[in-house]
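In order, the protein sequence lines correspond to chains P and D.
Just so we're aligned, residue 373 is where the first sequence starts under our numbering, counting upward by one.
Just so we're aligned, residue 556 is where the second sequence starts under our numbering, counting upward by one.
Zero decoy hints are in this set.
Here are the simulated lysine-lysine pairs, DSSO-like style, with alpha carbons at most 27 Å apart:
no., chain 1, residue 1, chain 2, residue 2
1, D, 647, D, 620
2, P, 774, D, 665
3, D, 681, D, 647
4, D, 609, P, 774
5, P, 747, D, 587
Simulated from the structure, these hints should not be mistaken for laboratory data.
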Amino acid sequence: MLEIGLDIQRIRKDFPILQREVNGRPLVYLDNAATSQTPQQVIDAIVEYYHGYNANIHRGVHTLSQEATDAYEEARKKIQAHFNIARSHEVIFTSGTTHGINLVAQGFSSFISEGDEILVSAMEHHSNIVPWQMLCERTGGVLKVIPMNENGELIIEEFHNLLSDRTKLVFCNHVSNALGTVNPIEELIDAAHKVGAAVLIDGAQAAPHINADMQALDVDFYTVSAHKMCGPTGVGILYGKEEWLNKLPPYQGGGEMIAEVTFEKTTYADLPHKFEAGTPNICGGIAFGAALDYLNGIGMDNIAQYESDLLQYATEQLLGIEGLRIYGTAKNKTSVISFNIDGIHPYDIGTILDKLGIAVRTGHHCAQPIMDFYKIPGTVRASFSFYNTKEEVDILVEGVKKAKSMLL
Amino acid sequence: MTITEIQEEIVDEFSMFDDWMQRYEYMIELGKSLPLIEDQYKVEDNIIKGCQSKVWVHAELDEDKLVFTADSDAIITKGIIAILIRAFSNQKPQDIIDADTEFIDEIGLKEHLSPTRANGLVSMIKQLKLYAVAYQTQLN
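The whole structure should be built from the sequences, with the hints applied where relevant.
Next up, the structure:
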């Protein structure tokens, strides 16, 4: 049942790193929520760029510069198409999700007055909490938290209670990195818009699994990282509605983002360049485009279906281990399993699994408030991608059993 | 015994093991047998930063020797501390300051020595040496 529509063995051959060994055993890479692996097609795009047309983009008169500019702008269009974005200048290249969030948080300083409220969900990554705290410190705004239940689902009634005409911005991740919960962002967006609040969604954990449609969602801002979607690190995008991007002040000063400069006054460039100061990660942007080509070649729906089957299998198998508890049991979740075993520290399990060639993440996953909620120091998190197999799930389960027998 | 002699003894013990699993099983045993730190010392001030698991270390002078007690909420980390304490506890502060830690490499735990490793073995060694420096100053 797991092989529906996907030839996993062929797909696995696209990823050179999956052929390597760790501690004398075949690598079982289950840390995809931290970063995904890179297929040869994306590595080729990076190599071709440096072999063939590495040059600084925009305004260059020479051929290489033109070729690099074309490829970079082509990548922007691929991203536009992938996320069904109305206009290509609503795609702002960033260094990743954190950069995108900070860009919006910084820009919103102008729109937040004392007593205005910003709502964030209880299951945010640290990178999603700190910029808003800083914004509130600067402006006198108030940060309010949308609580979650034991299953790791947002308590939507509480969200509606918190929402008022003082709410200026709602911020939530589409998918929780620590729990895998898919949040009902459609409902959040609709309700927030009714009170005139803007919505920023962190799509870092959702974009690798869910085909997010910006126009259908009608979201104001959405931000993703390429490295979680088979692309390279250090690049991502912020989607913003044109009207919002025009309203927001520039984030950083520098080259690329200006139209005219005199010592008296500078006029800013049009979108998207207003937010793209300095030489961007050109190669990274192009490689992000190649990564989207790769994912779309497989098909996001096929990926979602396969990962959902894998999640179900892994959940059943892991729950067969006595004393194992899964954190994050939302009805709607991506292929992430956060767990602990009674009486064992997650760090110990992670260390033994590493010796067995299995890469998982342990710790608080930069989501300390979630760990405080469950009163645990952290969890072991196994996160699956479309190139993982049922056999790898079995290896994980055996590894956890082995760790348990050694540690208890 | 001197620190060097104890370290040699530990290296000898570990050389009996053929693979990582036996080494880790032994380390886990050591962790379980680590004499517990008194609860009054398991406080925020005694936590070593830079560890994914919590590590508490307490040091006190017994005449001219420094005695360490410690604990961790992770058993492998506890095993590592047990090895360190065996090598460094009940020694003169100056000897602790002067001691090298290459035996960690020799017993096959080199991977834990990386400064970026989440268990913070490097932070632990640094903390033990800092205690030694502090108490050496006191003895002077």
